[in-house]
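**Q** The residues making up each chain are set out below.
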Amino acid sequence: MRTLTYAEAIREAFAQMLATNPRLLVIGQGVTNPWYVGDSMRDLDKQFGTRRIIDPPVSEQGTNGIAIGAALAGMPTILIHPRMDFLLKGVEQIINQAANWCYVFGGQAGVPLVIRAIINRGGEQGAQHSQALQALFAHIPGLKVLMPATPYDAKGLLMASVQDGNPIVYIDDRWLYKERGPVPEEPYTVPIGKGIIRHEGQDVTLVALSYMVVEAQKALPLLEQQGISVELIDLRSVKPWDKELVLASVRKTGRLVVADSGWRTGGVSAEIVATVAEEAWAVLKAPPLRLALPDLPAPTSRTLEEAYYPRAAHIVDTVTRACGNAHR
Amino acid sequence: MGTTFPPFLLVHLLRTMVRIRIFEERTADLLLRGEIRCPTHLYIGQEAIATGVCAALDRSDYILGTHRSHGHFLAKGGSMRALMAEMFGKKTGCAYGRGGSMHLIAREVGFLGSVPMVAATIPIAVGSALASTLLEQGRVAVSFFGDGATEEGEFHESLNFAALWKLPVLFVCENNFYSTHMPLHARQPTQDLTRHALAHAIPGVAVDGNDVVAVYTAAHEAVQRARAGLGPTLLVCNTYRWRGHVGPHWDLDKNIRPQKEVEAWMARCPIHRLETALLQQGLLTPQERDTIYAQAVHEVEDAVAFARHSPFPDPVELPAHLFTDRKTP
Ligand SMILES: Cc1ncc(C[n+]2csc(CCOP(=O)(O)OP(=O)(O)O)c2C)c(N)n1
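Residue numbers (our numbering), protein chains in the order written: chain A, 1059 to 1386; chain B, 11 to 339.
This is chain A alone, in the form it adopts within the complex (with noise of 0.2 Å):
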């Protein structure tokens, strides 16, 4: 199978849906900006207008319930933040209306809205343009809540969201762009809420999400050769989120490590920690590890940038620790 890089998939899961959908519409700030959203959707408001891939004025709150009543009102809507920093703005939109709308009305209305929320983290960007807020939205009955960490993954999820006829909250992070990995020329689906399991192994269960699962392959080899057997699951869904999956992992290896993108406190991991702790208590053999941001606000500097991002090493200590000298 050709690859692709993971921002070719998106632009290519974009123009394929926009020829086949009439009704698709596209609008986010910076879609027609060259660096907002880089490849990712390159030329497509030339390939598509510029009436189908509105470009609008700074104005979150309002482009955000602009997305919501043209998806009520008869057109599937993607809306793109090109830095989820900034959706911040517009979020009484999403969390009071599009995440209620369904459900107040009895289910007479769905909002067939895909809220892509670009995470751009490093780069001296600093604390407002690179926040990875995942568990603000996971929190929230009425969304669905995705981050694909492979080129596949963000093709097929995103297809999967505009199909879904309810509202999404798809999260790409930019550290992700340049990844590259097979994808299907044809359009396809990623079920969402459903896991994968990107190695098999014996001694731990090592959970990760978006950009930290690339960063766990590159600590996979290192924990080999310590004689770990990692099982490494890529969630994918944060929100409905595998727990079978990951549960039926844990009863094999008996431990448990997440490596989350985001911040440690009320987040992701400790989410999945605590349904382990709860529903596979007696298996585990070990406390389960969090791996995750401090609870800070990401610095610019970039001594300081490098002491905040945890990498392959990080978890490679984590999970060794999560092992303790029991793993042989």
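Since the hints were derived computationally from the structure, they do not count as laboratory data. Among the hints, a few may not be true.
Unchecked claim - Example chain B residues on the side facing chain A (calculated, C-beta under 10 Å, incomplete):
| id | residue |
| --- | --- |
| 1 | 148 |
| 2 | 163 |
| 3 | 164 |
| 4 | 269 |
Note that CB positions come from ideal geometry on N, CA and C, so glycine has one too.
Got chain A; can you put chain B with the ligand on it based on the hints?
**A** Below, chain B with the ligand alone, put in the same frame as chain A:
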């Protein structure tokens, strides 16, 4: 009142206002009796606005409302039974008992929804107009909101976008001069709300919101503009709510507003005004007038009986409808 108006339209306007008024008075009564318990914002005094605007619309046109939307719902043609049942929290309500007075929907007549967050539905109305334009459906969208909503950022963001795209939107500001307890003069530097239109280069039209014919005329013109592709209009309808902000009471004991102010506005009752004019001009006989009232009372009592006799939602339905299973086509 212009003589150019066909009498059937004028009688329709009167009938709609009377239906809303009697529905609202009965609602106040049911609130006092504790039969309705959800937070309820009455529309009494403002009937001419929903009535005049909706009369200028087609059934397929969209409207979006606020926390104070019973009038919009009824004027657009929503089922009175479903509205009353919703306030009773019954399964037969327009939102199946999920919404109460502040979450109304009647998609079959283009009422896309109302929610209590001030200004939240303004951009949603703009989005529905955007979809109508892109899909070439010719539908106009109306956003109803109060004067308080013009203080929110979404209002300004929405006017800007709608103006830029020349969208078929009618922004209807129902200026009743209060945002809960706060009078307009304590909230904005001038009382002329049409000035907000200036900033976005769209027409800003002020009308007497207690004159249903004036409202209809202005709305009709704005709707024609919108349909012709000339873009949005801000229609500021100056009016007054008779009762307190929320609930059945008058709020006169709380020193929020003077009794004289309330009385002055009650003397300008939009219903009385049209009714008197119609009787004087011989377009309505006293007998026909009485029939309109009797029919409205009958319709409201039927809705109350329907609501009373309807079942409550079954708790097993609690988790239902968080998501739709209708896939995007
Ligand atoms: C975003 C938001 N802030 C505050 C409130 C509380 N609130 C409910 S109604 C209201 C007043 C709104 O006044 P206006 O828009 O003039 O409408 P009216 O009640 O006069 O019809 C306020 C402040 C709210 N519902 N939403």
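**Q** Close enough to count: is the Cβ of residue 269/B nearer than 10 Å to one in chain A?
**A** 36 Å, violated
**Q** Tell me if the interface restraint on residue 148/B is satisfied: Cβ within less than 10 Å of some Cβ in chain A.
**A** 13 Å, violated
**Q** Given a cut of 10 Å on the nearest C-beta pair, is the interface hint for residue 164/B held or broken against chain A?
**A** 5 Å, holds
**Q** Double-check residue 163/B for me: the hint is only fine if its C-beta lies closer than 10 Å to a C-beta in chain A.
**A** 6 Å, holds
Of the numbered hints listed earlier, those contradicted by the structure are 1, 4.
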